[in-house]
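> Protein chains in written order, with the working numbering: chain G, 1 to 440; chain L, 1001 to 1281; chain P, 2001 to 2314.
Accuracy of the hints is not assured; some may be wrong.
[Stated by the list, open to error] Below, computed lysine to any residue pairings styled on SDA-like, alpha-carbon distance capped at 25 Å:
1) G:176 to G:282
2) G:406 to P:2069
3) L:1108 to P:2235
4) G:199 to L:1169
5) L:1108 to P:2026
6) G:72 to L:1069
7) G:73 to G:85
Think of the hints as simulated: they come from the structure by calculation, not from any bench. Computed from a prediction, not measured in an experiment: that's the story for all the values here.
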Amino acid sequence: MAPITGSERTLSRRSVLKLGGGIGALAGMSALLAACGDSGASGGGASGTITWGAQQFFSTQSTNKDVAAFVKKSLDAFEKRTGVSVTLQVQSSDNVAAMARLLQQASQGRAADASMVDSYIFPQFAQYAKDITSVTSKAGVTVDDFFPFFQPLVGSSSKVTGLPIHTDVRMLYYRKDLVPTPPTSWDELVEVAKPLAAKGQYFLFPAGKSEDPIMCTIWPGYWSQGAEILGDSDTLGFASGAGHDAMLNTLAFIKRCIDEKITPTRVSTFMVSDDMLPDIIGGRVSMFVGGSWMATNMEAQGVKDVESTWGVAPIPSMSGTDFATASGGWMYGIFAKDAEATTNAAQFVVDTYIDKGAMAQFCTAAGYLPARQSVYESPDFKGGPFTDGFRESLAKYAKARPGSPKYAQVATAIQVAMSSVASQSATPEAALQTAISTLS
Amino acid sequence: MSRPIVRRRVTSGLLYVGMAATTVFFLFPLLWVLSMSLKSPAELFQSPPALLPQAWAWDNYTTVLQQSPIIRNTLNSLVITAGTMVLSVALATVSAYVVSRMDFKGSKVYERAILACQMISPVILVVALYPVLVKLSLLNSYASLILVYVAVTVPFLIWFMRGFMETIPRELDEAAMLDGCSRFGLFVRIIVPAARSAIVSAAVLTAVMSWSQFVIPFIMLDNSDLFPISLGVLNLQSTGGATTLQYVAAGSVISIVPVVVIFIVFQRWILGALTDGAVKG
Amino acid sequence: MTLTAKTVPRTRAARANARRPRPRRDHPYLWLAPSIVLLVAVFAYPIVEIVRLSFTGANLVGANGDYTLHSWQALGAQGLGSILGITVFFVGLSIVFQMLLGFFIALMLVEAEKRRLVGSVVTRTAVMTAWAIPGVIIGIIWRLLYQESDSGILNYLSSLVGGSSNIPFLSDPHVALVSVTIANIWRGTALTMILCYAGLKTVPNDIVEAAHMDGAAPFSVLRNIILPTVRPVLVVNLIIVTVETLNTFDMIEALTAGGPGTSTQVLALSVYNLVFGQQRLGVGAAFGVVLMLVNVVVVVAYLVIINRGERTRA
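Please model the entire structure based on the sequences and the hints provided.
Structure (structure tokens):
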């Protein structure tokens, strides 16, 4: 056995000392960070402070500098005017899970005083959201100014509980030089797309296992056949009868696009509309179904002359009439405990996101569509190239997803069915059957 | 040239080829992210993709550093990691020593229980713990977060350290005990120095495991001031449809930098630790 | 002994006392108390709670907490069979390749250092860095790499060397599972490498050299000298890698979210998806219990096999 020599021991002691020093420094820093962390940790309540839960992109920490600057300006003005200090709590951008957690918090009375909620899940928050009619009526915000599909979420004229900030809508985008008149029915679409696809210019839609894809690819086609996702007392709309046929038709259309080779199977990897950008930029797309933000993003990603090259139209339906499309967007709900904090939180949200001028500036900075119809007329609002088309679809064809808790399960099952069909791992019949049995 | 020399050179050549291949496989994705982080939005989705950005968009980094709390996230991660490292390694060293040196009733049960703890997925853990932590007001604190991190890392470390303890010759213990050294004295003066290499390795392992934790902080923290780096980088992804890929890439690079620095700075320790090994003594 | 000089006993009696071969009074539980308290505090309740929840129809907000067998009856309809199959493939391949790669990279590094070749530091740092990145970020990174059509870098590189520019990395259900597994191997190899590296350093150098002198083939040195020495390390490795891989899901969630269809839906991801995506705490808990059972079954099987192996060798 070799003895541990002196030199090795001193070396080790010196390194241990160094390590210890480093750890000590970190521990000191920890105490410091913990101290300033705690000051903001308590969930409001104390008068003079409110907590504000927001997605990072919508907050003062946005990577969009215009958004950050506008929100910061509004926040500073609010704090100065009212003497109330606002503490930001950023929500996770894994938004399905973030909303699940927020719901948990709201049910325990721990949600931030003013919290952003994805509109599709807002109905589940309605029972916890505070009545803020006094603030909204003073600001001149009326329920019927919001787009029709938002109105049930906002509440009634005597009781306002939800405040939508912005909205989005799914549309058919088409290359004007390749497609002179946009198709209205599925048959027409296939007919127009086939010769173009033969030349390598495809018809794309997102079909990955995620939420935006079913809003682009499933719900518009399904709704346009007159079917509903959930009936009374949460019965499944596509379990049998006409709804079943409508869903089968919608899934079969995906299969048809793949089989006719107008759509490549890689659409089954597209989790959001943006995943189509590489193909769009690469000139491999004649038409696609995507969210309204795609216009802004295409410009930002260097697609030239978006306005003169591309056009937008309602998403083609099976029959060529009765168009439908899916809309969503983020809202605010107020979950403060006492009346004073409720008023303050509501006032802050109205000042920053809801008031006509505020919504116009915020949505212009973010490149979003305002949730209030009157804002489109505001001089402060500058829309993108297709804003008029979007607005028309929002008013005429847009629907919101059902607010029932059951929707989360339905959405997952349909996401699986859609991406199975698009990746050719299941027939429409089998995929639908699996979805129904998962949900029973 | 004599045959052994030729063989030596051939082996060295093969080693170089192997190391190069390994480096490329592991480094390429990271370099690709680095390249993405310096691209302008217009270059992100070019096809065919450009290997290098045409104009280096350092702006992506300034945006992320100025707009988002990524620095704060990094500091949070450092603190959480350091706390976990110290506690976890200390607990594991003691436990591994006891398990390898003391014969006692229940030692088998203890070892099995440790192994069982290792098998509990963090998702299961936090799903069940969350309501309890809410009731006890233990959410949003470094202390409870660190304790949970320690709990999930320590079983693995005990296993890891135990193997090393076995390689420290028992003669060392016996000699010390004959000299009247107490168990504690023996542990502090003999075992810890002899196992210091294993301790450093364990520290590195714990650090890395804590650094990359995602689910636990995701559930246990509401207060974004306390978010670690994994949550910070994810939040750079916009939920409203704007393209933020270049920022996510820049954030990822920023999150990797401290780790690489630690690996390089502590290189001698990790290396030294592992080379002179606990077998010496 | 230089060390013992510092601990000279004070009295002759004490020395005599210590020399007598009498069992010392150790207090193992006193030493182990902190770790036992912590582990019980953190683990005991969740295990019981998850089993309890699996027999309820609870949702995330805590409603519908009545006891029912519904969650367990629903496992089949939720695709448990195919999920288990996918999990076995993902975990199995990950283990095999992580262990092989990790072991050979470690071996290579040890050899390279012995020969003082430059660059081993770079290699080691590259491998270890991959492991230190949070899983969600790894998912995002590999999603970029795997982009299909020639906008994706891997597809583009493949077309440069004369391959297809349209490899369906993530859109073909079978290929997707392989792609996800490769990303996981990329991520996890470092763990095996670190453990093996430490183990390989304990291989007695003189014996290896003597064997080489005697003209032993490299393979037989590996089999007869190196492998037996690092066997305990490999066993620990196997168990840890298995357990880690079984319980991981963050990378897959970011890479494919389990798709297309359910072709990359592993067990741990199902738990997360059911609880947080669909707010079905009851069914999620049932899947969680299945996940724990799978862990236990696999590890017990390992231990049985290993013990049998040791007995036959002895």
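> State for each hint whether it applies.
A quick look at each hint next to the structure:
Proximity of residue 176 of chain G to residue 282 of chain G is assessed by CA-CA distance (about 17 Å); at most 25 Å being required, the pair is judged to hold. Restraint check: the Cα-Cα separation between residue 406 of chain G and residue 2069 of chain P comes to about 20 Å, which is no more than 25 Å; the hinted pair holds. At most 25 Å may separate the alpha-carbon atoms for a hinted pair to count; residue 1108 of chain L and residue 2235 of chain P meet this at roughly 18 Å. For the hint linking residue 199 of chain G to residue 1169 of chain L, the alpha-carbon distance of about 74 Å lies beyond 25 Å, and the restraint is violated.
Using a Cα cut-off of 25 Å, the hinted pair residue 1108 of chain L and residue 2026 of chain P holds, with the two alpha carbons roughly 17 Å apart. In summary, the hint linking residue 72 of chain G to residue 1069 of chain L is supported, as the alpha carbons are separated by about 15 Å, within the 25 Å threshold. Under the criterion of a C-alpha separation no larger than 25 Å, the hint pairing residue 73 of chain G with residue 85 of chain G is consistent with the structure, at around 14 Å.
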